[in-house]
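Number of protein chains: 2
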Amino acid sequence: MALDPKRTVSELKELRQLTSDENGAQRVAWTDTWLAARDWFRGKLQGLPVEQHYDAVANNWTTLPGESKKALLLGGHLDSVPNGGWLDGSLGVLASLEVLRRFAREYNGRPPVTIRLVDWADEEGARFGRSLFGSSAFAGTHSIPADRGRTDREGVRLEDALRRCGVEIDRIGDAGRERQDAAAYLELHIEQGPVLERAGLPLATVAGTKGVERHAVTFFGQEAHSGSTPMGLRRDALAAAAKLALEIRPIAARHNDAVCTMGSVKTFPGIVTAVVGRCETALDQRHLDPAILAAMHHEAIEASRRFAEEERCTVEWSRIWSIEPIPFHSELIRLCQESVREVAAAGPSMPSGPLHDAAEVSRSGIPTVMMFVQSLGGISHNRIEDTKEEHIEVAVSALDRLASKTAAWIRSQS
Amino acid sequence: MALDPKRTVSELKELRQLTSDENGAQRVAWTDTWLAARDWFRGKLQGLPVEQHYDAVANNWTTLPGESKKALLLGGHLDSVPNGGWLDGSLGVLASLEVLRRFAREYNGRPPVTIRLVDWADEEGARFGRSLFGSSAFAGTHSIPADRGRTDREGVRLEDALRRCGVEIDRIGDAGRERQDAAAYLELHIEQGPVLERAGLPLATVAGTKGVERHAVTFFGQEAHSGSTPMGLRRDALAAAAKLALEIRPIAARHNDAVCTMGSVKTFPGIVTAVVGRCETALDQRHLDPAILAAMHHEAIEASRRFAEEERCTVEWSRIWSIEPIPFHSELIRLCQESVREVAAAGPSMPSGPLHDAAEVSRSGIPTVMMFVQSLGGISHNRIEDTKEEHIEVAVSALDRLASKTAAWIRSQS
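Listed in order, the protein sequences are those of chains A and B. For the first sequence, position 151 (counting from the first letter as 1) is numbered 151 according to our numbering, and the numbering increases by one without interruption. Residues are numbered in our numbering as their position in the second sequence, beginning at 1, plus a constant of 414.
Treat the hints as calculated values from the structure; they're not laboratory data. Bear in mind that the values here come from a model prediction, so they are computed numbers and not experimental data. Please note that a few of the clues may not be correct.
Label-pair restraints from in silico Cβ distances [to be verified]:
#1 E316/A <-> A630/B: 25 to 31 angstroms
#2 G646/B <-> E316/A: 29 to 35 angstroms
#3 G646/B <-> I384/A: 18 to 24 angstroms
#4 E716/B <-> A199/A: 34 to 40 angstroms
#5 E389/A <-> E568/B: 54 to 60 angstroms
#6 R148/A <-> R720/B: 49 to 55 angstroms
In silico negatives: residues of chain A with every beta carbon more than 12 angstroms from chain B [as the list claims (entries may be wrong)]:
#7 R42
#8 K69
#9 R164
#10 V212
#11 F220
#12 N382
Think of the CB as a built atom: it goes at the ideal place given N, C-alpha and C, for glycine as much as any other residue.
Throw the hints in and build the complete structure from the sequences for me.
Given below as structure tokens:
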């Protein structure tokens, strides 16, 4: 029997049944529901000629040894955010399982290259605020000391939650051993945005993940009485912030595929009887081109200073987090575009705004590409997250073709 | 001995010493510190030919009976906000005491009209969120049922806090009896704004209190992922709110002496990785002319709808609170201007943005006027609140002259 994409749909539904409630998926990493999902997944391996183990950070590796030790990695993540969707992460895992089954059957258990399926541990960082946990340990970009002291909302320490799942925080760097013989990494994921639905296309090739500049931008003015302070004598920190909230849009518009978001504004004292004396905002800027990302960041700083001056305020910037753009592998991008074209309408090549485990894998030097399948309404991290079943099926087929082409490419590189 | 304005300054300092800590004045109504301030004040009455009592809402009345029962009321409030200033409210009480003393001496204990000093209970509403408490009971504009269930931050009920101070909530309407024979009301207060300091003038006549339209304005857009949602497909509730935050300034600028303030902005979900789906703002608009106030309110509604439409959002308005403009008495305004001119440079006639007990008294039909003295830096409700001592002294002199002129005017009305 050949590839069975319908089985992927039914297995995704089975997982949803097992690990969701009326609010959505509850497969938060390091919880019992997540462990139940992983046990369920292990059950699916019965009868396959594979070796399965958890690495030092609890990434779950399923290996189908091939004629060559060189390994094609296929992945995703079973963990979800609280009240999450049924496809985010799990589609990658279960589509990869179907592709691995096809390799096993087609080559009587011994494909030309080794096929490895990885279920990354804690992609979402939903409980401890550190996303890409397992893949960054694999990539060696993880910093253990910074994470040791993290706690969840109930005050449980990351270190203790990990130990309960068999992970010793001092040893998670050992997960880097799994990089040995890794020759390529493929990941299928839902888009989590509205671009493909708007374009009426099922699939896209992902050119890389956008770099992110994320900053706290705080304006300082002068708190004053709303009733007794004439307009002309005010130093209104909110006015300066409002100008920046609007200016980030022309900044983004000057650069293709750029996004700039002010996601949070806090006013102090924050009462209706006082002019805002301090306004704290959070700004997120993303682009695939590092030069453009740097330019956008610079333009926002300049604008904020101009607005602060206009409003007789001051402004301070403080970096929350940043990551450089991570372009995927050009040859694998080409193979992905080819695979999409073979099973569906030619899809675009687009950058991913959200980060994915594939970004960490790519950073570690392993040739990587991702494929997106259309998300309905562009909605994710929500129980109403959905994708048409026919699109899930065509995505499994496209991933399968991409895996074959990539296996051949790995062989050709030897 | 004639009027002694320096005594007012020294009594204000005595009160500060007694009722402040390193964070400022702590004379919050219905607390022990407030009761201590009132006891201290009663001690100042020894030797004066006055009758003193607390009315049904705990306003403190000190009466110097005159040849006529017609009464000239002079007032202020000893209560403060937490960490408040030394002059807000207490200047009015202690300047009035000095004026009452002068009347008692000048007329050997029997002035031509009755002089009554009132220390209003709970002007600030700092503990239970209901300002002008005592003066609104006096004016008969108080609504008892709405306030019965109020609690402070520790969960103490207003009703219980009042009972501890001898006030039965069901009887506070009886305070209206004090309106009998009231012929005029005068109140001296610090400006709490920067206008007089900017103009280099010590005193102003207050033409009335501005009306207030205070509304919650909420914009509804669509929460979306900051990374995966292209700029053109967003419905950003913050963008619509930012436009309104800026537009209230031209709205105010079209009308003399208008103020419009957006004092609070809250973003939901309020995280940097999501476009703002809902933005709650609070808008305060004030003017002395009811037609202009209504026009400004209308202009803000129209602008908010236009911005919501531009951003493909919706907007909802909900009234938080409003009060009509309260113009003071024209003849008393004239007498106040005359009194200011006699002791200092001619001051402006200006509306008060903040509300005062005088607004409630005026609403009840008693001819009323207020006088402002300069505030340093325009700052109030803060321990650094201050006024030059020479300005306090000239203010006491001006209030004294105004009281004499008003007493004569009351006699002329009989």
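We went through each hint and held it up to the structure:
1. Separation of E316/A from A630/B is about 30 angstroms and conforms to the stated range, judged on CB atoms against 25 to 31 angstroms.
2. Range check, G646/B to E316/A: Cβ separation about 31 angstroms, and the 29 to 35 angstroms hint holds.
3. Distance hint check for G646/B and I384/A: the Cβ-Cβ separation is about 23 angstroms, which falls inside the suggested range of 18 to 24 angstroms.
4. A C-beta distance of roughly 37 angstroms is found between E716/B and A199/A, which places it inside the suggested range of 34 to 40 angstroms.
5. For E389/A paired with E568/B, a C-beta distance near 57 angstroms keeps the hint of 54 to 60 angstroms intact.
6. The hinted range of 49 to 55 angstroms is satisfied by R148/A and R720/B, whose Cβ atoms lie roughly 52 angstroms apart.
7. Non-interface call for R42/A relative to chain B: holds, since the shortest CB-CB distance, roughly 31 angstroms, exceeds 12 angstroms.
8. Non-interface call for K69/A relative to chain B: holds, since the shortest CB-CB distance, roughly 36 angstroms, exceeds 12 angstroms.
9. For R164/A, the non-interface assignment is confirmed: its Cβ lies about 28 angstroms from the closest Cβ of chain B, beyond the 12 angstroms cut-off.
10. A beta-carbon of chain B comes within 12 angstroms of the beta-carbon of V212/A; the shortest separation is about 8 angstroms.
11. With a least beta-carbon separation of about 16 angstroms from chain B, F220/A lies farther than 12 angstroms from that chain, consistent with its non-interface assignment.
12. At roughly 9 angstroms from the closest C-beta of chain B, the C-beta of N382/A falls inside 12 angstroms, breaking its exclusion from the interface.
Consistency with the previously given hints fails for numbers 10, 12, ordered from lowest to highest.
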